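**Q** With chain L's structure known, arrange chain X on it following the hints.
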Amino acid sequence: MSTAPVQPIPLPADWRDFWSLTKPRVMSLVIFTGLCGLLAAPRGAHPINPVIGFTAILCIAIGAGGAAALNMWWEADLDAKMKRTANRALPAGRMDRTVARDFGIALAVGSVLVMGLGVGLLASAILAFSIFYYAVIYTIWLKPRTPQNIVIGGGAGAFPPMIGWIAATGDITLMPVLLFAIIFFWTPPHFWALALFVETDYAAAGIPMMPVVAGHRSTRRQILIYAVLLLPIALAPFLLGLTHWLYGLSALLLGAAFLILSLRVATFRTPANDADMCAEKRLFAFSIVYLFALFGALVADRFILG
Amino acid sequence: MTELDPNAERQRIIKGRNRVLALVLFGLAVLFFAITIVKKIP
Chain L
125 MSTAPVQPIP LPADWRDFWS LTKPRVMSLV IFTGLCGLLA APRGAHPINP VIGFTAILCI
185 AIGAGGAAAL NMWWEADLDA KMKRTANRAL PAGRMDRTVA RDFGIALAVG SVLVMGLGVG
245 LLASAILAFS IFYYAVIYTI WLKPRTPQNI VIGGGAGAFP PMIGWIAATG DITLMPVLLF
305 AIIFFWTPPH FWALALFVET DYAAAGIPMM PVVAGHRSTR RQILIYAVLL LPIALAPFLL
365 GLTHWLYGLS ALLLGAAFLI LSLRVATFRT PANDADMCAE KRLFAFSIVY LFALFGALVA
425 DRFILG
Chain X
3 MTELDPNAER QRIIKGRNRV LALVLFGLAV LFFAITIVKK IP
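In the order they appear, the protein sequences are chains L and X.
Heads up, the first sequence is in my numbering, so the first residue is 125 and it goes up one at a time.
Heads up, the second sequence is in my numbering, so the first residue is 3 and it goes up one at a time.
These are calculated hints, taken from the structure and not from any lab test.
One thing to keep in mind: the hints can contain errors.
To be verified - Chain L side only, calculated, beta carbon under 8 Å to chain X, not exhaustive:
1) L135
2) P136
3) D138
4) N173
5) V175
6) I176
7) T179
8) G242
9) F410
As the list claims (entries may be wrong) - Here are a few chain L residues that sit away from chain X, every Cβ distance over 10 Å (derived from the structure):
10) A137
11) F178
12) A216
13) L246
14) G279
15) A328
16) H340
17) L353
18) P356
19) L366
20) H368
21) G379
22) A381
23) L387
24) A409
All values derive from a computational prediction rather than experimental measurement.
From the three backbone atoms N, C-alpha and C, an ideal C-beta is built for every residue, glycine too.
For reference, chain L alone in the conformation it holds in the complex (with noise of 0.2 Å):
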């Protein structure tokens, strides 16, 4: 007989382990631009039913949080070495990989399957090719290989204006490919904000993040540089007669902040701000403040001023 210590069975992941692994946080905002893409959208003759709206935007953010799902998958070990994402649920034991894996598959393909079925299949077809972005391209394969990882895979994060935009037109146009642009344009001030205050975070996890490759003093010239070409190209859609002053003005302010604020993170560097990296925290904020006003500004730019 054998006198093994009997293990206690771990117990199962909760629901709100499941919840986690989409990335809420993140999903909101993949929300917030998904509606502002398609309620931006022009409504013409035949404006979009409100169920199959919902229908978009539900099938929008269940594909961002199965590709989210398949990112932590594939991220555990890398996740267990950080303290910000040590006490996920899989690096914390809570749940085991391939639950995440095939609970990350199950959202991706049913979201993209009602999404053809339901909308369309060219949104369809573009949310496939995010989520394949995100989980493959980005997680796989950009990630740990490069320290452009952000620039290229903050695509990702681009598509879901444009989804929601395809959503209510059944067309890519200029405007949405402009929305996709903003977002890709400011995604890297707003991930290397971020990694200059946690990079030894990522060091500790072997991520070749920007700080950690090139140093701060590149890193900080590169958001600056970024935050330099995100100004006209949230101006466009006004410059070229897309939208109105309202939304025209809304981007001129806020660009106008974004810039301020990535000058005070590139230049006037003292021992003092380099060791509690106010600036950047300042930045990495108001660069969230920057996307959902920019965004509302455009909803709010098509509702009163047609």
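**A** This is chain X only, laid out in the frame that chain L set:
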């Protein structure tokens, strides 16, 4: 402080998961029903 009974805890977690799953499935059924009706309207 009382120690949690692992079996009771396991049952509680499974019950919670089943409830959430039932809610999600019910929501999806309602959604599919609504989509079908909307698509039928010319």
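**Q** State for each hint whether it applies.
**A** Hints, verified against the model:
no. : hint : in the structure
1   : L135 : holds (6 Å)
2   : P136 : holds (5 Å)
3   : D138 : holds (5 Å)
4   : N173 : holds (5 Å)
5   : V175 : holds (5 Å)
6   : I176 : holds (6 Å)
7   : T179 : holds (6 Å)
8   : G242 : holds (5 Å)
9   : F410 : violated (36 Å)
10  : A137 : violated (8 Å)
11  : F178 : violated (8 Å)
12  : A216 : holds (15 Å)
13  : L246 : holds (17 Å)
14  : G279 : holds (29 Å)
15  : A328 : holds (32 Å)
16  : H340 : holds (44 Å)
17  : L353 : holds (40 Å)
18  : P356 : holds (40 Å)
19  : L366 : holds (29 Å)
20  : H368 : holds (31 Å)
21  : G379 : holds (39 Å)
22  : A381 : holds (40 Å)
23  : L387 : holds (47 Å)
24  : A409 : holds (32 Å)
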